[in-house]
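**Q** Spelled out, the chains give:
There are 2 protein chains.
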Amino acid sequence: MEKFEVHILGCGSAKPTLRHQPSSQVINVREKVFMVDCGEGAQVQFCRARQKFSRLNAIFISHLHGDHVFGLIGLLSTMALAGRTATLHIYAHAPLQGLLQPHIDFFCRGMQYEVIFHSLPDDHDSHLIYEDRSIEVHTLPLCHRLPSCGFLFKEKPLLPHIRHDMMTYLQIPYYMVNTIKQGAGWTDAEGRTYRHEELVTPADAPRSYAYCSDTNFQPRLADMLQGVNVLYHEATFAHDMLPRAQETCHSTARQAGEMARLAQARRLVIGHFSSRYDDEQPLLAEAQAVFPNTLLAHEGMVIQVD
Amino acid sequence: MEKFEVHILGCGSAKPTLRHQPSSQVINVREKVFMVDCGEGAQVQFCRARQKFSRLNAIFISHLHGDHVFGLIGLLSTMALAGRTATLHIYAHAPLQGLLQPHIDFFCRGMQYEVIFHSLPDDHDSHLIYEDRSIEVHTLPLCHRLPSCGFLFKEKPLLPHIRHDMMTYLQIPYYMVNTIKQGAGWTDAEGRTYRHEELVTPADAPRSYAYCSDTNFQPRLADMLQGVNVLYHEATFAHDMLPRAQETCHSTARQAGEMARLAQARRLVIGHFSSRYDDEQPLLAEAQAVFPNTLLAHEGMVIQVD
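So the protein sequences, as listed, match chains A and B. What the first sequence shows, in the working numbering, is residues 233 to 538, in sequence order. What the second sequence shows, in the working numbering, is residues 233 to 538, in sequence order.
No lab work stands behind these hints, which were simulated from the structure alone. Be aware that a few hints might be false.
For lysine-lysine, the following DSSO-like pairs were computed, each having C-alpha atoms within a straight-line distance of at most 27 Å [to be verified]:
{"hint": "1", "chain 1": "B", "residue 1": "Lys386", "chain 2": "A", "residue 2": "Lys247"}
{"hint": "2", "chain 1": "B", "residue 1": "Lys235", "chain 2": "B", "residue 2": "Lys264"}
{"hint": "3", "chain 1": "B", "residue 1": "Lys388", "chain 2": "B", "residue 2": "Lys284"}
{"hint": "4", "chain 1": "A", "residue 1": "Lys247", "chain 2": "B", "residue 2": "Lys264"}
{"hint": "5", "chain 1": "A", "residue 1": "Lys264", "chain 2": "B", "residue 2": "Lys284"}
{"hint": "6", "chain 1": "A", "residue 1": "Lys284", "chain 2": "B", "residue 2": "Lys235"}
{"hint": "7", "chain 1": "A", "residue 1": "Lys284", "chain 2": "A", "residue 2": "Lys235"}
{"hint": "8", "chain 1": "A", "residue 1": "Lys264", "chain 2": "A", "residue 2": "Lys235"}
{"hint": "9", "chain 1": "B", "residue 1": "Lys284", "chain 2": "B", "residue 2": "Lys235"}
{"hint": "10", "chain 1": "B", "residue 1": "Lys413", "chain 2": "B", "residue 2": "Lys388"}
{"hint": "11", "chain 1": "A", "residue 1": "Lys413", "chain 2": "A", "residue 2": "Lys388"}
{"hint": "12", "chain 1": "A", "residue 1": "Lys247", "chain 2": "B", "residue 2": "Lys247"}
{"hint": "13", "chain 1": "B", "residue 1": "Lys386", "chain 2": "B", "residue 2": "Lys413"}
{"hint": "14", "chain 1": "B", "residue 1": "Lys284", "chain 2": "B", "residue 2": "Lys386"}
Could you build the full structure based on these sequences and the hints that come with them?
**A** Have a look at this one:
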């Protein structure tokens with residue numbers, strides 16, 4: 233199966249600790265690398281995850297709190313020093329450009345690449361904001377103390393698998409593989425015709441990954457997330473801190489489990505842990521009570537989306 | 233002896249590595265904490281060095297390259313979250329305020345403390361920029377690709393030590409100790425007079441610490457640094473890279489040793505290592521060939537200034 237993996241670079245929250253880095257992730261889809269959020273230190277974590285800056289073409293910023301953006305200028309500066317020439321796309325809420333551009337101009341003088349800012353929508357719908365040959369990225373409307381977006385990474389419908397037994401048996405030339413995958417049949421030298429369906433097995437189901445942080449509990453997201461393979465959902469607090477979670481527009485671990493259950497997700501990964509927890513096992517237990525297939529995020533974790 | 237120690241938070245250079253953090257140091261003088269430079273990740277390194285944010289009252293920024301400043305906004309934001317109320321002073325070249333203030337306004341909304349920016353001079357002299365009861369901080373004119381300042385931390389002249397044997401013998405009351413330390417003599421009940429010099433032993437020599445980074449080799453600094461207890465000097469390159477050092481306005485390890493020798497420093501600590509060196513022992517050997525009492529900086533290092 234083609235690569236579709238998520239690297240957790242940081243899963244802490246605003247207050248820094250020696251146990252967690254602030255929010256940042258890498259989504260590697262067939263060696264095309266996307267970053268979601270970029271807390272301070274993300275560039276070093278990125279190197280630690282053995283990812284290549286040259287493969288990074290788009291960064292998605294969920295919201296403009298420092299623990300999700302303070303690593304951007306360092307990352308941009310390092311790529312400038314490394315002689316990057318490829319355009320970099322940053323998807324973020326509108327104020328980021330006005331804040332970051334003067335720092336780029338001052339600290340990255342002479343850089344050889346362009347940074348293009350794309351403003352994220354600030355409404356209650358989901359929008360397609362990025363697509364290439366293999367993937368689409370949709371926003372997920374979250375609810376936090378300032379405009380906040382989640383991101384849904386969806387593989388595009390995949391092509392069916394060629395049946396190698398039929399290829400061999402019918403002596404179909406190799407150059408026909410893609411044509412057949414895309415829907416063609418085959419007629420042999422004697423004029424016998426084989427339908428497309430006889431030559432392939434069904435495509436793998438497209439996979440998807442959703443990032444929901446920072447947000448309070450948003451049950452209405454369930455429709456947009458139906459059947460997601462992996463859901464990363466913030467679980468800043470345990471449920472005994474529900475009032476604090478509501479006050480600060482965060483979610484509890486139980487609510488993260490509830491979200492995964494409503495969305496019929498395959499797997500749930502919880503993160504964005506408050507610095508008050510020296511041990512996140514109680515958060516895990518709480519989410520698992522609602523949604524058993526839950527994992528705790530940790531720095532260095534690699535999640536295979538399947 | 234009163235505390236006067238330097239904590240190395242980062243001694244790497246611009247390109248991040250997994251071995252070194254970017255430039256940052258803490259100078260702790262009698263539990264008053266100063267920071268010099270603040271590369272990305274400095275706040276976490278600060279915690280790792282078990283220093284207290286509440287003791288940090290002034291930050292000195294040598295120059296406005298990213299690897300010396302990108303950690304500032306994260307540090308300021310964390311102190312805001314922690315409810316700091318005490319004014320923080322930042323000494324830096326003038327453009328920093330215009331760059332940082334919009335980020336403070338946006339990312340640290342509602343903060344309860346004031347940040348006061350002090351512009352560093354941009355000439356070829358040394359200036360007294362800070363003093364309190366126990367210490368003075370002077371700038372050191374460095375030469376880099378943009379205006380750059382070193383910093384000389386000098387203890388103020390210390391008071392002499394009281395002679396406890398004389399205190400006991402003459403039954404001098406305890407409340408007189410400070411008066412005598414400050415120069416008074418003592419007259420006993422029978423009218424016998426003891427001179428100040430009979431009641432004290434000489435004060436310790438004031439100690440000093442100098443930070444010189446980033447800069448090319450500046451022999452004219454030697455006068456300002458005469459007899460410094462500890463000199464931290466950048467040694468970005470080995471001497472076989474002298475042309476590259478000159479081109480980028482950095483120093484070689486041999487030049488750092490030469491600087492310590494000219495300044496008649498007691499000890500030299502070299503840092504700001506280029507990411508090309510996986511092992512800095514050759515840099516150490518090179519500096520030691522000129523100035524034997526040299527140490528390599530490393531993250532977590534604590535230098536007692538004595």
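**Q** Now, for every hint given, state plainly whether the structure supports it.
**A** Hint check:
Only pairs whose Cα atoms come within 27 Å are accepted, and Lys386 of chain B paired with Lys247 of chain A is rejected, the gap being roughly 34 Å. Distance hint between Lys235 of chain B and Lys264 of chain B is fulfilled; the C-alpha atoms sit about 9 Å from each other, no more than 27 Å. This hinted pair checks out: Lys388 of chain B and Lys284 of chain B have alpha carbons roughly 24 Å apart, not beyond 27 Å. Only pairs whose Cα atoms come within 27 Å are accepted, and Lys247 of chain A paired with Lys264 of chain B is accepted, the gap being roughly 23 Å.
At roughly 42 Å between alpha-carbon atoms, Lys264 of chain A and Lys284 of chain B are farther apart than 27 Å, so this suggested pair is violated. This hinted pair does not check out: Lys284 of chain A and Lys235 of chain B have alpha carbons roughly 45 Å apart, beyond 27 Å. Restraint check for Lys284 of chain A and Lys235 of chain A: satisfied, since their Cα atoms lie roughly 15 Å apart, inside the 27 Å limit. Of the pairs offered as hints, the one joining Lys264 of chain A and Lys235 of chain A holds, with about 9 Å between alpha carbons and a cut-off of 27 Å not exceeded.
Proposed proximity of Lys284 of chain B and Lys235 of chain B is supported: the alpha carbons are some 15 Å apart, at most 27 Å. As the CA atoms of Lys413 of chain B and Lys388 of chain B are separated by approximately 15 Å, the hinted pair is consistent with the 27 Å bound. Proximity of Lys413 of chain A to Lys388 of chain A is assessed by CA-CA distance (about 15 Å); at most 27 Å being required, the pair is judged to hold. The suggested pairing of Lys247 of chain A with Lys247 of chain B holds, with an alpha-carbon distance near 26 Å, which does not exceed 27 Å.
Straight-line distance between C-alpha atoms of Lys386 of chain B and Lys413 of chain B comes to about 21 Å, which keeps the hinted pair within the 27 Å bound. Between the alpha carbons of Lys284 of chain B and Lys386 of chain B the distance comes to roughly 22 Å, so the proposed pair stays at or under 27 Å and holds.
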